[in-house]
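Enquirer: Chain by chain, the residues:
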Amino acid sequence: MTATSTATVRGEQVRVPATRRGPGRRGPRREGVAGYVFLSPWLLGLMGVTAVPMLLSLYLSFTNYDTLSSFSDVRWIGLDNYQRMFTADPHYLHAVRVTVLFALITVPLKLAAALGVALLLNRAWRGVGLFRGLFYLPSLLGGSVALALVWFAMFSRDGSFNALLSVFGVTGRSWVNDPDTALGTLVVLGIWQFGAPMVIFLAGLKQIPGELYEAAAVDGAGKVSSFWNVTLPMLSPVLFFNLVMETIRAFQGFTSAFVISNGLGGPVDSTMLYTLYLYIKGFGDFEMGYASAMAWVFLVAIGLITAVFFATGRFWVHYADGNDR
Amino acid sequence: MHTFTAPSRAVRVAILVAILAVVLYPLVWMLGTAFKSPTEIANNLSVLPKQWTPGNFRTGWSSLDVSFGRFFVNSAVIAALTVLANATSCLVTAYAFARLRFPLRRFWFAIMIGTLLLPGDVLIIPQYILFKYLGWIDTPLLPLIVPKLLATEAFFVFLMVQFMRGIPPELDEAAKIDGCSPYAVFRHVLAPLSVPAIVTTAIFSFIWTWNDFFTQLVYLNDLDRYTVPIGLRLFMDSGGQTSIGPMFAMSVLSLLPVFLFFVAFQRLLVEGINTSGLKG
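Going line by line, the protein sequences match chains A and B. Okay, so the first sequence: first residue is 2 according to the working numbering, each after it adds one. Okay, so the second sequence: first residue is 3 according to the working numbering, each after it adds one.
Next comes chain B alone, as it looks inside the complex (with noise of 0.2 Å):
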């Protein structure tokens, strides 16, 4: 079915390629003007600065009270403990859906699925008040950490589960006629073989996590712990038009990392969407 003609083929690329322009307008803006002079920023409207200055990096990173590089910090240990943690509680929770026989299987991945459907926003009202009654407010890396440990992210656990599934049940046949346990076929079978949905769930919650504003708003309250999304806002306090290429320049930095793992992991982050996606 590729019997495409030249013009229709060519009409079809120059719209997309018109499409991706407007798209890929806004960052190239911050880019540009990210490496704009504070003269440039407003005199000179076009998309990219006539002369690069890295000025504005300079200015962004220390222009609070807190040097920015100290919210980089605290947002690569959130992250990294995220990751950590999001990773193996939700292969070891998906290892139980798909693979062991137990009473009320059913029932519990039902009501998993069901827990994808909850919106996440909403459940921040009651699980603050928890971990205040629990007295946990005031170390934050516990609200923060503590749920992602208990498989809480039901994407993942889904996304693992529908991996798992396509990995051959005879490899586990063969295992078990030799005598592994299920906690030896898990760790010499089905988590090795996994890596790969591993991965997929390991640079998904690095990236959601680094952008996540809402709940580091509530659980951070001590400027020495702010992260990179909460320090970016105090630039719109300060407000005011020349604070936009600091602004920018920082908000090109925080999204480097994210935009380092689409680099590297294009295809298999397209592929996660699909796998958890579709067969849902």
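Chain A on its own, in the form it takes in the complex (with noise of 0.2 Å):
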């Protein structure tokens, strides 16, 4: 037997070292012995940073738990946090509209503008690899505290907005500091940050074959009607994809929301996100049992919508190999 042997990947010959065991009879046994050995961090990461928390924060969520007291002054208060969150708190409930609002009108313009860009970039020219990455640019840096600061300076009263618009005639005002408007500003920082589902859906313009195009051209179909019966059904998976992705990401929008009202969810509520609400009552109040059952039902939602998005996903999503499940 030789010391080492040499296989060839891509062009490069890879040098692989014998061990000391021949080749052991006792292969699988040992590929199973050694796939939980590899497995073993994501085991327990699993276990000890998600789902044991998660379950204790189930149990906390019955009780009146906050963390200015110790764990043995927890009382069990049954379903109190959940039925104050739904009949008595008039806050949580406004941050229930506010984060709903802010996923219908963000999710559809954004995935609109990553489409409609990436249909006007779907086709290779020169320096077309530079416009898109500088169109993911914003999904780089748009999640930063620096680009909510940005934000926060150009929507206010001097801002550079107003300024554009004075040029126009227009008279603008303070949009981070009005209430109605103030969510606005937060639902165009969501929607310039279209970069990354746009490099997702170019992967997926890219595999449309181009006979299909061909075919529908020989029978009569123009560019309009193409679209509809070529490019959007072909693509269905890919929007499907973003459409969850989005959606999930949606519901997150901690960090602009908090530093534009600087941690207070203001003006008069108007961007208190679920996210920011629920730091609010576990940080800033420290009732963590009542903020353990807002992260549940939050967490319950979520896995809703997914299902719902599953359910109706079959009616739409077209797959390529013919498994419309």
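Calculated directly from the structure, the hints in this document are not laboratory data. Small disclaimer: the values here were computed from a predicted structure and weren't measured. Cβ coordinates follow ideal geometry from the N, Cα and C atoms, glycine included. Please note that the accuracy of each hint is not assured.
Unchecked claim - Pair ranges (Cβ atoms, derived):
#1 64/B with 159/A: 47 to 57 Å
#2 179/A with 136/B: 41 to 51 Å
#3 30/A with 136/B: 32 to 42 Å
#4 226/B with 95/A: 29 to 39 Å
#5 116/B with 233/A: 24 to 34 Å
#6 131/A with 10/B: 52 to 62 Å
#7 179/B with 72/A: 24 to 34 Å
#8 316/A with 225/B: 52 to 62 Å
Now that you have both chains on their own, put them together as the hints suggest.
Expert: Quick look at the structure:
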């Protein structure tokens, strides 16, 4: 037996040293053990950092736990936290409304922008890579505190948005301090980051075989018709993926809402997104039992929304391999 | 299918350039304002300054009780540890899922995909309660780094699994025939060949950690331990028109590392989004 053997990968020689043991008869068994050895950090994380904390917080959501007192003072209060949420806490219901409104406006507009620009970019010419990269840049920067500060300054009374409006003779206002428009500035910040779904749309568009368009053209289809009958159905799996991911993302816009409202969700609670209210209750008011209940309602809601997407998806998502389940 | 008539292409490019101008405007405005003098910020409405001055950077760097350099060091330490932890733990996990046969593999894989959909912002509450119970709250590195050592970022596990599935299995077979154990196959075949996926993971974890605000806000309560995002937010407390220059100067500095990574690895980042996104 040679000490090393070589194999060729992508034109490169890879040296593969042999170990002391010969080819083992105990292969599958040994592989099973190795599988769990390699999986152990992840399993530990799944249990320790995800599952156990979630179950702990599920238990605490039925208690009056607050972080100022110790665990021994925790008292079981049944469904009180959940009842309070839906019947006795108008701020909570308001936060739900703000979050749903934010997602309902942001997600469709963001995906429309992403698809529109992807369609414009979807023909190879020199420089397309540069365009793609520059449109993607906001997705890398947009979640930062720095951009939230820029947004705040841009839409304040002396900001550059009003300076632009004044060129057209329109007198602006302080958009971030007006309860009617503050959420709108967050929507714009969300749409501004359309680059990530756009990149995914672009890759999907590349996969559509040109013959389909040729066939459609032979059948007399115009550009609009081939968009509806070829592009959109062929793109539906990608659209579905983007829709699910962007909806989940839209429900968690903490950083920008926190920075723009200075941690308060104002003016008049108009930017009180769900995660911000969760933070205020849990870390501002120390009501961790109540915050745990809020977190669980949120998890269940996200689960339900995802389930609805998957249930309705079978009616409009078309898989090219014919596996339309 | 590249039969495009000249005007149609010209119109496309014109529209794209117009959209791009709108998209890049906030970034250019931030950069321009950071280099304007206080008088220019008040009076010069154009995006770029007439005279580029670095004054805001000097003021901003030392305008808080703690120098901004401190925040940069803290951010760099946390980002570097996160990158190392993520790259190692996710690589090991991905190898198990992509290459090894073991009981319940499909079941665990489905669970892993399920955790991709868990909203991270909401997990903060349960995790905080656990870490408080363990007494880790006063040592913020533990709650920030330990979860990354345990491959909790399913996105990267998935990205690496997808990559490893593209590596020809004949290589492992050859190594196995030569008597390599699964551990040796990992060390000598899969890990070295997965370098591109490791690099993508490293860059994304750097950028996400560098920009992360929520977790750092929760666990860092000591001014000396503040990171760049938490430090930046202090400018909002001190408010007022005069501080906009220094605030933007520090904002520009805070985005600089992310921007440099973007310039250097643009293609890799865009493709990283694709491999993990499309096959999902």
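Enquirer: Output the indices of the hints that this structure fails to meet, ascending.
Expert: Failing hints, ascending: 1, 6 and 7.
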